[in-house]
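Chains as they are written, first to last, in numbering that gives the first Met the number 0: chain A, 0 to 698; chain B, 0 to 210; chain C, 0 to 328.
No lab work stands behind these hints, which were simulated from the structure alone. One thing to keep in mind: the hints can contain errors.
[To be verified] These stretches of chain B come out as covered by chain A in the derived footprint (C-beta under 8 Å, 3 or more residues):
(1) 10-16
(2) 39-48
(3) 52-59
(4) 138-149
These figures come from a predicted structure and were not determined experimentally. A virtual CB, placed ideally from N, CA and C, is assigned to each residue, including glycine.
Listed here are the chains, written in short residue letters.
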Amino acid sequence: MTTDFWRIVFGRLDLGALDFLTAFRDPTLNEIILSGAAWAVILGGLAAVAVLSRYRLWGPLWRNYLVSVDHKRIGIMYIVLAGIMLVRGVLEGVVMRGQQADGLGGGFLSANHYAQLFSTHGTIMIFFMAMPFLTGLINIVVPLQIGARDVSFPMLNSASLGLTVAGAALVMISLVVGAFSTGGWTAYPPYTDSLFQPGPGPDYWLWSVLLAGVGTTMTGINFVVTILRERAPGMTLMKMPMFTWTALCTAILMVFALPPVTVSTAMLLLDRYAGFHFFTNALGGNMMNYANLFWLFGHPEVYILILPAFGVYSEIVATYSGKRLYGYGSLVVATMSIAVLSFTVWLHHFFTMGQDADMNAAFGIATMLIGVPTGVKVYDWMATMYRGRVRMTVPMVYLVSFMVLFVLGGLSGIILANPSIDFQVHNTLFLVAHFHNMLIPGLLFGMLAGYTYWFPKLFGFRLNDRWGYISAWSWVAGFVLVFFPMYVVGLMGMTRRTVAYTNPAYQPWMILSAVGGVFVTVALASLFVQLYVSIRDRAFTRDIGGDPWDARTLEWATPSPVPAYNFAVIPHVHAREAFAVAKEAGLGYQAPPAYADIHLPGDTWMGVILAVFGTAFGFGMIWYMWWLAALSFAVMAVAFIGRALRGDRAGVIIPAAQVAAEHRAWLAAVGRLAPVTREHEQDGINHGVAAPETREVAA
Amino acid sequence: MSGASAIHAAPGLSYEAGHEHDHDAAGKALWGFWLFMMSDLILFGLFFATYATMLDPMSYAGGPTPRDLFELPGAALETAALLTSTLTFGLAALAVKYEQGRGRVLAWLGVTLALGLVFLGLEAREFAHMIAIGAVPQRSGFLSAFFGLVPLHGLHVTAGAIWLVILMVQIAGKGIDAGLTSRLARLALFWHFLDIIWIGIFSIVYLGGIV
Amino acid sequence: MSNARPEGSGQRTRRRLRSHWAGAPLLAAVAAAKAGAARAEGFLAPAGPVAMAQNVHFWQVTWISMIVVLPVLVGVPLLAWHYRYGNARARYMPNWDFSHALEWVMWLVPAAIVVVLGVLLWQGAHSLDPYRPIASDKAPLKVQVVGLDWKWLFIYPDYHIATVGEMAFPQDRPVQMELTTDTVMQSFLVPALAGQIYAMPGMVTKLNLAADRVGHFDGMNTQYSGDGFDDQHFTAVAMSKDDFDAWLKEVQAKGVALNPMAYARLATSSTPAEVRATFGNPAMPPSVTYFNDVPTDLFGGIVMRYHNGHPMTPADQPGTAAYNTKYSG
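Put together the whole structure using the sequences plus the hints.
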């Protein structure tokens, strides 16, 4: 009777699932790492709570962030989430490098623990680091670049964040309670079927991805509408900044590419929870359908990840070369082609599944085709540097390293596009090296460049350059050392996801790779040191004028930190790179003829509700605590329906007089500040007003 | 810096006196809703595709085949109920457009809801019958695909019905304002969309299964 | 070499787990020196016509792609240096943003390369299609491969023998393989001989390979399939005709019978070494197990297990904890 009661309350959860206790029972290095990670999550959470309480930050956090619908605040929260997940993902990667350096015939990790590491590493890096990072940047930058007050659906924006946080929270909880899936980030059945994995691992994966995926679909819808409907007057599509173009393509891809993963996870959930036979071994299930569905999402996903970074690179290459972006039209066409072609190549993820040669060849050629627009983009950035005045700032270090490394990744991609060669290197470390080669320079470097570039716009001071350089170069060195050896061992036939190996020829390369892991750790730590030092020294890097880089697009025509309403008066746009054109004519800082009241959307609890009850719902489903799942679902449904019944909450009106006062004060400050030439860009005298480039311009 | 001609001659950017540009909330919501439906269409498309791949003896796994399970009369009745409900929704929309009064709008919406519930009832009866004869989703890949696709549509209809009830409550409460008109327009779109999906289901699952 | 499995647990306790960090003291310098001495492996050192053609194709693609890759590798550092802010001698054209000539080059050169590579790709995809039999004047050797938790079972249907841990074949005849698994999905690869192909339960895929010299080659599963995944290796042994005939006789003489009971036990989760410990005898090489009296169409039966219209309970499905408990014996 009582047993039944507790089973209803706790489902299949018991004390054995509490990972932070295992090391006390079995103190091997493997268990200590496992429990240590659990303790890190618990203590990290407690420390955050303590700091927030000590400095009485709960109120401001709640008011200014958690219930805020300001796209910039939401963007910041996305990036904070990405930062936390980046730490976990990188540390997991480093532990894996350590294991494989020591993996000749053994190592210090158990196979199961290693499998959890590569599964969470991939899941986190794709869904909970990369996606939040780029979504955060898009949130922060796009409304500013198109001259909008906010996104089209601010409440939906908060809800998307809530769902993403719920997914991430489940992955973090899996460190403390129970174990994550061992099925990799792709979770191929039948390995992830309930027959083979009856435990909660795959369920953690499925619910995390499902929740985050729904959130991402909503983000996509939000930004397509925002970009198409909220542009400032005069900003035609072909006057949009490149980052906004890439954000548009990414948003479109989100709308169309996320449904397949929603379908594949939903079907696998039905298999696991309800005994359906979509992907099972027997009774007519077919795992090949899963591969198709997953990669129908998975391949466009790669471009969801990479296009925003391409947008960042397009912005910074023009800014830091002091020159117009070369080949704007070409870049737009290339971006769109990539987005469209990305739906035509998914089969190249499983050339080895036994379909006929015609099919493989067709998808292989489609894959190679993507190389053309991608190559054009790289050439366009080179042409932008050509006859420019290139400042090797931190974002440019990322850009230049990216271009060199990315074409090498592209080369390995072209190699992999050949079915005949893919048969050899598929599932080997060559493949692992390839996609890290695309995603680290192609995504992470871009995100970090964007973070460095737009940071002053949000916070009103620049990031420390010295630590920025240390971090950037460490990322580059670490990346090369970690992954180039993998190309070699991959060609030698070393499979991915192997905890140990018996071929001694692999070990030197794996040790080299682990050395790279040290550099990557330094790079990661430097990012946090940089943030600390920058906050500490912010008085010296104050950005008041709002244009610390002599930049070219609309967002730099605002004060830093940018006010909640973004623009005192919505500008009319007459040119591409409108701010640069205006500055050239000496019209960068104009007083508008009149100010008007500004209407801003009101706060919402929706994000918080979805984050908390989404997590609780997932947790209840994972542990069979049905009451918890039902209750949480009901709360979410009631919140949603209640919102529909009540309609939009009253917003905030900022009176014209206040806007006018703030804007005039800023214009006056800009007038007082000494314009700074690019020579002194990184110096203490740069307070965000750029002097026109004086050097003689060649005909 | 004032006067329209000076502004348009201005390089880069300029500020014009006066109002914020129009927000057009209803238009944006409609755009967003279209995008949602496009992504929903892909969802259905993939369930359709999965169903199509499961139409072979390997996926019947020795269990019932479409020929054993589906009969036209039942499906035709469901189709009739759903298609008629679309017509009555259209009449409700006309009543809104020509301002024929709250009562008439509510009446047509009520008929629409009733027909939607009839459809759901017929569908539930069909599922109950299938389950009773052992044609459960756990029986075969084909049946899993069926129970993935058709109830997904039913779930959408259920959501639409709940939405309809909410709108009816609001119309009854505060009358028809611009916001409600725009929400009603979106629900109409959704309802028609579900019709189109159902026509796909009827053709592929029921007609295709019998032919 | 215990063959006992933890009862009712899908997770294997690793024997080889070490709690100290043996790798730490090794210096990177030693690593680099050893790396320099490492010999070519896998399809970098091909030992058969398929792997050889893949190797050639690999280098062709790499070198042709250099036409579009090298300009970036060379150009980016040059541009960054020459047009650096401090270089007063470099030309500066802040408003130059388009060139028709450059556009043509940027789009057409990569497109032309893709056309060339596309032709190569099409040819390669067809000539190296794993389903395509390898041309030879001798009849191919038929081998049926069953992926099990964490070993491959090689059935020689014409000889009624089977092996685990070793796949022998005559060097002068191509090998025609059919593959399936009796657990989760796996992927079969012998890098020195040919590419990989997935093996899936209830389905049959095909692979053709051949060796052009005698030798021992590493083979494996490349698709992660559980705790013992990293042990799922075997040796592909290409032999002279005479040696192969002798090998067949040896397996027939020394093998143990692969009756249904033995197969049921073989299908429990175990590594090749553990299979050897359970079934083997001193006459078999280390980590290799020989079976004889293999029932006719064992392979077909394994495939059809998934098409009999009955649900697969955990106790019937190799690879699950319940199955291991039931059949570990």
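Going through the hints against the structure:
Only when three residues or more bring their CB closer than 8 Å to a CB of chain A does the claim for the stretch 10-16 of chain B stand; here the count is 7, and the claim holds. Counting residues of the stretch 39-48 of chain B whose CB lies closer than 8 Å to any CB of chain A gives 5, so the stated coverage by that chain holds, three being the minimum. Under the rule that three or more residues need a Cβ within less than 8 Å of chain A, the assignment of the stretch 52-59 of chain B holds, with 5 such residues. With 9 residues bearing a CB less than 8 Å from a CB of chain A, the stretch 138-149 of chain B meets the requirement of three and the coverage assertion stands.
The structure is consistent with each of the numbered hints, conforming to all of them.
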